[in-house]
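S.K.: If you read the protein sequences in the order shown, they are chains A and B. With our numbering, the residue at position 42 of the first sequence is 59, and numbering never jumps. With our numbering, the residue at position 386 of the second sequence is 392, and numbering never jumps.
Hints were generated in silico from the structure; no laboratory data involved. All values derive from a computational prediction rather than experimental measurement. Take these hints with a grain of salt, some might be off.
Unchecked claim - Reference listing, derived: stretches of chain A covered by chain B, where coverage requires no fewer than 3 residues with Cβ under 8 Å from a Cβ of chain B:
(1) 26-38
(2) 46-58
(3) 66-72
(4) 75-83
(5) 89-98
Unchecked claim - Computed Cβ-Cβ distance ranges for the label pairs, DEER-style:
(6) B:Y259 to A:D49: 45 to 55 Å
(7) B:R292 to A:R82: 27 to 37 Å
(8) A:Y44 to B:L289: 18 to 28 Å
Think of the CB as a built atom: it goes at the ideal place given N, C-alpha and C, for glycine as much as any other residue.
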Amino acid sequence: MSDDNGLWLLALGPTGATALYWALYRYYRNTDKSHAFERETAVDAQPVTGSDRKVDEIKGTRASRISGENGRAYRTRVQRVRGDTG
Amino acid sequence: MSDPKTPAPAAPVTGPGSPQDVPPLPGSQPIDPATLPRSIRDELEAPDPAAIDTASAELKDGINRCPKCGSTEIRHKPGTDLLVCLYCRNEWDGARVEEAFGLGEGLRDLRGTVIASGARDIAADAASLMSFKCTACGAEVTINTESTMTARCHWCRHVFGINEQIANGAVPDAVLPFHIRKDDAVARIRQFVDKRRMFALKAFKEQFTPENVVGVYLPYMIVDGNAGADIAGKGEIKTREYTRGTGNDKKTYYDADIYQIERHVDFTVDDLPLESSAERGDLDTRVNTNNIINTILPFDTKNAVKWNASYLVGFTSEKRNRDVEHLRPRLEDQLLSIARAQVESSTSRYDRGVRWEQERLQVHGTRWVSMYLPVWLYSYHQPGRNGGLLHYIAVNGRTGETMGSVPVQQWKLLTAALTVGTFIEGIVLWILAASS
């Protein structure tokens with residue numbers, strides 16, 4: 018093992034303490050809970066339509082995911098385009 | 007200095023354009039709309055907001071009588087949707103609003119804003135104290151609609167209920183009666199807290215009396231919607247993964263294709279519940295625990311029955327103080343979230359993930375119905391800065407779903423966390439010492 022890895026291991030103690038604190042705090046106070054309306058509402062959707070167009074490519078990035086990923090963060094609002102509302 | 011300007015002339019008292027004119031025929035326009043620009047014409051010709059009238063004329067005088075014997079001693083029979091007469095034991099059922107007003111149908115054809123009569127805007131001058139003249143003896147009975155919807159005439163002992171849809175928002179279109187009994191709710195709360203005792207606040211544990219749970223009817227707007235959403239963003243597909251360098255300098259690199267993605271989905275939602283009280287709708291977990299009550303949603307709102315104040319005998323209620331327009335931003339936010347959840351499965355090929363950048367919502371139509379939904383609430387007030395914090399433990403009065411906020415004993419929690427952290431650190435140090 019190299020010195021690098023050893024120093025990294027030292028952070029485990031504080032990380033573990035913080036993680037335990039937050040896990041227990043949430044279990045008692047449930048501050049992260051709310052109505053999961055995305056799943057629990059009766060939604061009748063038509064088939065999704067759309068288009069996919071290749072616009073660019075990247076070479077040699079070190080990031081394993083797209084930056085600013087929000088595909089699953091349904092409740093994070095992005096720029097709202099106001100158009101002709103029906 | 008005095009204002010040299012003269013006041014604007016008052017509206018003409020006689021002649022054209024004054025109330026002295028013969029009123030035009032209903033639906034007629036002074037100018038033929040066909041000659042106007044399209045946008046103005048659309049506004050002029052738009053239909054009035056359609057309303058569903060849910061008021062019950064037979065209960066208007068405030069006295070709910072047993073249809074068989076005429077007694078007003080009516081209670082909700084626990085565990086059912088039935089009303090029972092305590093005098094002659096007659097039992098009867100409230101009409102389900104779903105069928106009575108056709109609330110489950112035609113979602114796809116929903117256009118504009120349809121508001122049921124109990125969900126109409128609250129008049130600014132409407133008082134929450136309602137005074138009734140007892141139709142049996144003539145005495146005046148006052149009901150504070152902030153928290154109660156029934157009262158007993160202190161002279162002739164008749165039971166009153168507020169059934170008229172007054173403009174203060176207290177009378178909804180429908181009510182969903184309690185199904186979960188009190189003992190059941192107490193047991194659920196006890197079970198919930200029993201699993202959270204070790205780090206709970208000492209005072210909370212000492213004062214814990216789940217028998218003090220109260221049944222509350224909380225105000226909600228149940229919204230059906232017909233909407234479409236367009237979402238656009240970028241997605242990336244990995245084309246190559248490779249490492250460069252050797253030894254400790256080894257680093258992983260990726261090549262990827264970037265795609266511009268556009269998605270469109272049309273959908274309808276059925277019975278989305280929104281808190282129609284400003285206090286309950288505020289879900290800021292730093293100052294309140296209303297998110298607990300939000301979590302026990304949804305209810306089986308399909309089974310809601312037509313409003314009858316007799317369902318509320320023995321329970322308290324909270325009054326609605328939010329109108330349809332106040333709740334619209336929240337509805338649009340939730341519709342957008344639903345749309346994003348709907349399109350997620352269509353982007354599974356983007357293995358490096360998706361970044362949505364723009365979204366647009368078109369709400370074609372909405373239908374709003376106000377309802378009282380049953381919640382068993384246990385509360386504990388934790389003293390502290392800014393008035394402390396009110397912790398709720400809530401049980402859904404229909405499904406029994408339980409959620410709560412149990413105050414924590416901070417020093418205990420910190421000690422436990424530090425102990426575990428020290429223990430892990432000890433192991434790490436031991437490993438490091440052994441490997442060097």
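S.K.: For every hint, state whether the structure bears it out.
M.R.: Right, here's what the structure says about each hint:
Taking a C-beta to C-beta cut-off of 8 Å, the region 26-38 of chain A contributes 10 residues in contact with chain B, enough for the three needed, and the coverage statement holds. Restraint check on the region 46-58 of chain A versus chain B: 11 residues with Cβ-Cβ distances below 8 Å, three needed, restraint holds. Residue count for the region 66-72 of chain A with a Cβ under 8 Å from a Cβ of chain B: 7. That meets the three needed, and the coverage hint holds. Evaluation of the coverage hint for the region 75-83 of chain A: fulfilled, as 9 residues show C-beta separations to chain B shorter than 8 Å, against a requirement of three.
Look at the region 89-98 of chain A against chain B: 8 of its residues bring a Cβ nearer than 8 Å to a Cβ of that chain, three or more, so the hint holds. Hint check: Y259 (chain B) to D49 (chain A), Cβ distance near 36 Å, so the stated range 45 to 55 Å is violated. A beta carbon spacing of about 31 Å between R292 (chain B) and R82 (chain A) agrees with the range 27 to 37 Å that was offered as a hint. A hinted range of 18 to 28 Å holds for the C-beta pair Y44 (chain A) and L289 (chain B), which are about 19 Å apart.
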